[in-house]
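Start from the sequences, fold in the hints, and give me the full structure.
Residues per chain are reported as follows:
Number of protein chains: 2
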Amino acid sequence: MFAEFEKFIRAQAEITDEDIKLFRDTAIEKTLRRKEFLLQEGEVCRYKTFVSKGFMRTYRISNDGTEHVLQFSPENSWTTDPESLENNTPSSNNIVALEPSELVMWTKKDFNYLFEKIPNLKDYSQKLVYRNLYLSRQRIYTAISSTAEEKYDEFIQMYPGIISRVPLHMVASFLGVSRETLSRIRHVQVK
Amino acid sequence: MFAEFEKFIRAQAEITDEDIKLFRDTAIEKTLRRKEFLLQEGEVCRYKTFVSKGFMRTYRISNDGTEHVLQFSPENSWTTDPESLENNTPSSNNIVALEPSELVMWTKKDFNYLFEKIPNLKDYSQKLVYRNLYLSRQRIYTAISSTAEEKYDEFIQMYPGIISRVPLHMVASFLGVSRETLSRIRHVQVK
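Chains V and E supply the protein sequences, listed in that same order.
Using this note's numbering, the first residue of the first sequence is number 1, and each one after it goes up by one.
Using this note's numbering, the first residue of the second sequence is number 1, and each one after it goes up by one.
No lab work stands behind these hints: they were computed from the structure.
Hints are supplied without guarantee of correctness; some may be wrong.
Which copy? The list can't say, so a pair holds if one copy fits it or any two copies do.
[Unchecked claim] Below are the DMTMM-like pairs computed for lysine to aspartate or glutamate, each with C-alpha atoms no more than 25 Å apart in a straight line:
#1 LYS127 <-> GLU41
#2 LYS127 <-> ASP110
#3 LYS122 <-> GLU14
#4 LYS191 <-> GLU102
#5 LYS53 <-> ASP25
#6 LYS127 <-> GLU43
If you want it as structure tokens, here you go:
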């Protein structure tokens, strides 16, 4: 699992062999079966988590019991609840494995230690936070401005590999459109 | 204008008199009339901007010519296009004064200089970015999970002072619901 992370982080930032050793010494590896949880609502998120294999999904349950998908995290991406992790507050979200998954995790304390020891990590991390912010702003714009068709088209363009790995009702949930609407759109497009 | 900023930043972070002098020496003050632009689509955003008085609005125009409101920035808040500012890329957004406004602005270069000289500024700035990220995630959740009524109720609770200062169609745009739907909701609530 760590090998995938090493390859990933070396491509993202200037990282030395010593840095890799520090990452490795503090990393926790974890395997999840399908439907196993990394985080459940009410728990405090304790880890920064890298998905080295598999596919994780973040969702929140509304008062009427409906699941709403906030994030898909395939291999070579990060997943966490930043608010819960930073503030030590119970999470409102669930993070669950959609496929058998392999994770590399660091506690907040260890990651702060890595920030001190690995100068380029802070830059990389800041870029990542900014990127999340841009993507969130783009998703807000799409949510308030686009038709269901446009939302679906943008999703396919932005996440071409995801659509075949996820049940349609989860894509509908992610986009904030009904399952019936999305089925209709796909039907029309297939024709 | 700077006086409001000084009061604001002293309440937000541990800031010394020397820090304040650095802020003041690099600040640019600007007054905008109603409907004057701070940023227009296609321009590169060059400033971090604090709204010391007035009210700014960020919006984007979609292909069909419709305005979509991304952000309201009343006094004592920041407004910028983070993506354009960080990456020196043309902005997709417009930032315009909804009321006569007074702004305190710093170039990116000067703000980076302040980051070097004012240790607590980096912490404050990072908290601000994280807060933006949480609020964006919350707004995404609301956008994909809530009815128009729930969106409106959440807006009133989160921004109690804003509703009276903004035309209803801009609130509708911010929430991603039609003006007619929002009028109907308000009508029902008044009854």
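LYS127 and GLU41: within-copy, between-copy, both or neither at 25 Å Cα: Between copies only: 23 Å across chains, 28 Å inside a chain, cut-off 25 Å.
Homomeric proximity label, LYS53 with ASP25: Cα distance no greater than 25 Å: For LYS53 and ASP25, only the intra-copy Cα distance (20 Å) is at most 25 Å; the inter-copy one is 51 Å.
Up to 25 Å CA-CA - GLU102 versus LYS191, copy category: Neither: 38 Å inside a copy, 55 Å across copies.
Homomeric proximity label, LYS127 with GLU43: Cα distance no greater than 25 Å: So LYS127 and GLU43 pass the 25 Å test across copies only (22 Å; inside, 27 Å).
Identical-chain pair category, LYS122 with GLU14, by Cα at 25 Å: For LYS122 and GLU14, both the intra-copy (11 Å) and inter-copy (22 Å) Cα distances are at most 25 Å.
Up to 25 Å CA-CA - ASP110 versus LYS127, copy category: Both, since 20 Å and 20 Å are each at most 25 Å.
Checked against the numbered hints above, the structure violates only hint 4.
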